[in-house]
Amino acid sequence: MAHRGLASGLSAALLLALQAPAVSATDLVGRVVDAVDAKVFAGALVRMRGGDPAKLAAQTDGQGFFRVPGLAAGSYLLDVHLPDGRAFVARLVLLPQRQTQFLELDYSRAVPPDDDEDY
Amino acid sequence: MTRKYSVARLAALLATCFLASAAQAGGDDDAPFRSDGKTRNAADPIYFGHKLADFTMNAEPESGLRLLPPTATELFAGQRFDLRIETQIPAQAAPQLVRLTINGRNISESFKRRIAKQGSGSESGTPQSELLYGATARNLSFDQAGHYEVEAVLTVDGVERRIANRYDVAAAPNPKAPGAARKVVFFLGDGTGLPLRTAARIVSKGALEGRVQDTLAMEKMPVQGISRTTAFDSIITDSAPGMASPLSGMKQSNNALQVSVDNTPENALDNPRIETVFEYMKRVHGWKIGVVTDAFLVDATPAAVQAHNRSRRNYLNIAQQMIGYYDDASALKRTGYASLAELSQPLDVLMGGGAAYWMNEKNPDLKTFYQYAKGGRKDVDLLADIAPAKGYSVVRNLDELRIAPTDHKLLGVFTGEFRTTSSGLGADNLPGTLDRLVARGAATIRGKGASDPELGMNVAPPQGRGCGATVADCFRQVPMKTEMVDKAIAVLDTLAARERRRDGGWMLLVEQSQSDKFGHILEYDRAIYEVIELDRTVAATAKRLGGDRRALLVVTADHAQPQTIIGVALTGALVGQAGACFTTSDGNYPITLGSPADKDRPCALQDAIGTFNDATFPTYEDRNGDGYPDEVDPAIKLIIEDGGRPTYSTSFLTNYQPLKPNASRHTDDGKTVEQPAVPNPERQPEGLLMTGNMPTRNVVGGANKTGGSVDIAPHAGDDVLVSAQGAGADRFAGYYENTAISVRLSQALGGNTKRAAKAGALVGW
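Those protein sequence lines, which keep their order, are chains H and F.
Under numbering that gives the first Met the number 0, read the first sequence as residues 0 to 118, first letter to last.
Under numbering that gives the first Met the number 0, read the second sequence as residues 0 to 764, first letter to last.
Don't read these hints as lab results, they were simulated from the structure.
Don't take each hint at face value.
With a cut-off of at most 35 Å between alpha-carbon atoms, the simulated DSBU-like pairs for lysine-lysine come out as follows [stated by the list, open to error]: (1) F:Lys332 <-> F:Lys116; (2) F:Lys377 <-> H:Lys38; (3) F:Lys175 <-> F:Lys542; (4) H:Lys38 <-> F:Lys373; (5) F:Lys447 <-> H:Lys38; (6) F:Lys361 <-> H:Lys38; (7) F:Lys366 <-> F:Lys377; (8) F:Lys175 <-> F:Lys219; (9) F:Lys373 <-> F:Lys111; (10) F:Lys332 <-> F:Lys366; (11) F:Lys361 <-> F:Lys389; (12) F:Lys389 <-> F:Lys542; (13) H:Lys38 <-> F:Lys116; (14) F:Lys670 <-> F:Lys361; (15) F:Lys175 <-> F:Lys204; (16) F:Lys753 <-> F:Lys219; (17) F:Lys389 <-> H:Lys38; (18) H:Lys38 <-> F:Lys366; (19) H:Lys38 <-> H:Lys54; (20) F:Lys332 <-> F:Lys377; (21) H:Lys38 <-> F:Lys111; (22) F:Lys332 <-> F:Lys670; (23) F:Lys389 <-> F:Lys116; (24) F:Lys542 <-> F:Lys447; (25) F:Lys377 <-> F:Lys670; (26) F:Lys204 <-> F:Lys542; (27) H:Lys38 <-> F:Lys670.
Remember, predicted model here, so these are calculated numbers, not experimental data.
Based on the sequences and whatever the hints tell you, model everything.
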């Protein structure tokens, strides 16, 4: 029984691996916001460090959304430049086997509050 | 057995090899965190175990479709919540709701009718872009206990996307049940982790031959539990979800008060809300509810009782929620927020600081009495006009508090720590316990009392003499916590007895805020006095309600801070050894350590701490019998240090006035820039340099991400104690999420603990 269980378990694992979607690149969809000040940022510039700067940058639309297509899975740091001159850094772990991944870039989470009373 | 064990081990080994090879083949650091197709919101992943890991969010990955409240929110029957369906990724065309089911029963039409009835906009949380789906049905509830599976299916660009949440719903409170609690005092020691409790006991109770002479009232409570404080989106909670989650059962994001996240970040008031236990008991059973704090009243902890807001910083409309005032010409509008007004239950008793969020900027008392140099509301005056019109007695100091009637609702707003020579709490927050004791002549700091110029109390208040001739006079008129709670209970008792439903029930939240605020600025001795005040209030309340078998007292913390007890020090030696520990060449960097004479001993203060077998017992004394040490720095004092901190210097002696730890500088355009890497030159510059480990700035373009400039000791991710006594106290034993506190309260309030055989329905359409 135990051998059969092991065999079927491995078969299932291999089958799952073979059936996994063949996604080689992921589109990052993000939104640049400030949840505490209740703002979405149009015209913010998002740059992903490393690689081709032209391909790894995007500007947000009127609702604060941006899209960076065709990214490989892995860890990234993103520099976010707001239209008012402020900037912050966010982390991203882009998952494999995913066509799209959403990332909310929240200024209020990326930096400490302006006021110590907000702790 | 042996053979099976061996085969199981072989299977595990093979599986490990299989997974490991897959991970190595792809260079995939994230493999250990790969989950079952659920979206991870990677907004702020946490670095641990050499892996970048983000937090799991229950959402459909390609559209970001999610249901709120979050899955596994701990509800009880009858508790109101908003049910929201939304996508997070814009589609090519407007997404459409195909199906919404609860335990397989289709309720799509009920949902759509409810949204249509509420109308679009803030009442339904409608996104500005039709390419996002977002709809919130307000103020629903499950009508009985049981297990509920909620599934939403949307068509997004021609593809059906689905998401499911599950909720295990407990029985509704039933205060008429035998043994159910009918008077509940919930004490919250902000930032009060176990080390602060221990320190308070050592300092206030002493020990003989290693054995404590007495224990804290919190320790005497027969039931002790532990809760996990993690927020929805961070292992380090702030005080908003730290209090909000336990009172409603829903894990919440940092900065959020009794709401979930949503896809309309441009509006902090339209987020999906949840009812607290306090609100439920008032709405359903006519109970009276109150909060008492030493923070500003609209701070996160007191606001978590009945305010609903994505941003804890929206102080003006939170103040209005607290007394139930909605007006289109004010910060909290009536139009668009009918569902909020229906949910949020006004407080019957509220006491704390922060007059600037309650008074109009033109009210002269704001300056001459409360000592604000600037600030105040531009719309209305809640303190002078609105609250009295709503039937509140308004009091400003101890004398007024004492004579306030007990048969009216009560709003007390007291003066804050307004000394211009202090950079500690600021005018919003009440002066600390130690400083109030000094003003009353009941304690000294390094042998000095209120008349000593070092303490800054023997001078006229900076903005006028409305609160007293001197700072000490003003501080003496700020009530101690025991005085506030004593009055709060008297009012709640009276009002509850007059309630037509005659339940006689009430709930009171008592926050000790400065245990956290003094911890942040590394004023450890003051933080310990705060916890002693908390414990004295617990003891006095237990004594007052001790004859009532249906009273319940609970004491816990919203989170800890990274403090720990490291030993003791001989205070006389600290003075002698201080000095010349380090010098700065230009007021900034570089720092020169030590003296050429002894390079192995750069600062004699490092040898001042007695630890291990050299840590004897501190010598605090309470000769006046008020429960607090008479002198904060006795011959031998307790020493606490922080695991997370900005750079600061310390001689281990208590500052005469609260001071921030690090330096700041001013830019040419008038802005203040905090310098977490530079010690405050005005705070014990002769002391031992404690280099910081908190981030100094948000390094755009740098090698790594930090959390920006953190100029305080942070909160800690440690679990915290829950202590309880009285009716239903046994519910609080165990080890649980902080959200479980809400359900445990509902059980102490008479909710049936037997597992429901059959789920009910979603009601409130």
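Here is what the structure says about each hint:
no. : hint                  : result
1   : F:Lys332 <-> F:Lys116 : holds, 20 Å
2   : F:Lys377 <-> H:Lys38  : holds, 22 Å
3   : F:Lys175 <-> F:Lys542 : holds, 24 Å
4   : H:Lys38 <-> F:Lys373  : holds, 26 Å
5   : F:Lys447 <-> H:Lys38  : violated, 50 Å
6   : F:Lys361 <-> H:Lys38  : holds, 30 Å
7   : F:Lys366 <-> F:Lys377 : holds, 15 Å
8   : F:Lys175 <-> F:Lys219 : holds, 28 Å
9   : F:Lys373 <-> F:Lys111 : violated, 48 Å
10  : F:Lys332 <-> F:Lys366 : holds, 27 Å
11  : F:Lys361 <-> F:Lys389 : holds, 21 Å
12  : F:Lys389 <-> F:Lys542 : holds, 33 Å
13  : H:Lys38 <-> F:Lys116  : holds, 28 Å
14  : F:Lys670 <-> F:Lys361 : holds, 26 Å
15  : F:Lys175 <-> F:Lys204 : violated, 40 Å
16  : F:Lys753 <-> F:Lys219 : holds, 29 Å
17  : F:Lys389 <-> H:Lys38  : holds, 34 Å
18  : H:Lys38 <-> F:Lys366  : holds, 32 Å
19  : H:Lys38 <-> H:Lys54   : holds, 27 Å
20  : F:Lys332 <-> F:Lys377 : holds, 15 Å
21  : H:Lys38 <-> F:Lys111  : holds, 28 Å
22  : F:Lys332 <-> F:Lys670 : holds, 33 Å
23  : F:Lys389 <-> F:Lys116 : holds, 30 Å
24  : F:Lys542 <-> F:Lys447 : holds, 34 Å
25  : F:Lys377 <-> F:Lys670 : holds, 24 Å
26  : F:Lys204 <-> F:Lys542 : holds, 18 Å
27  : H:Lys38 <-> F:Lys670  : holds, 22 Å
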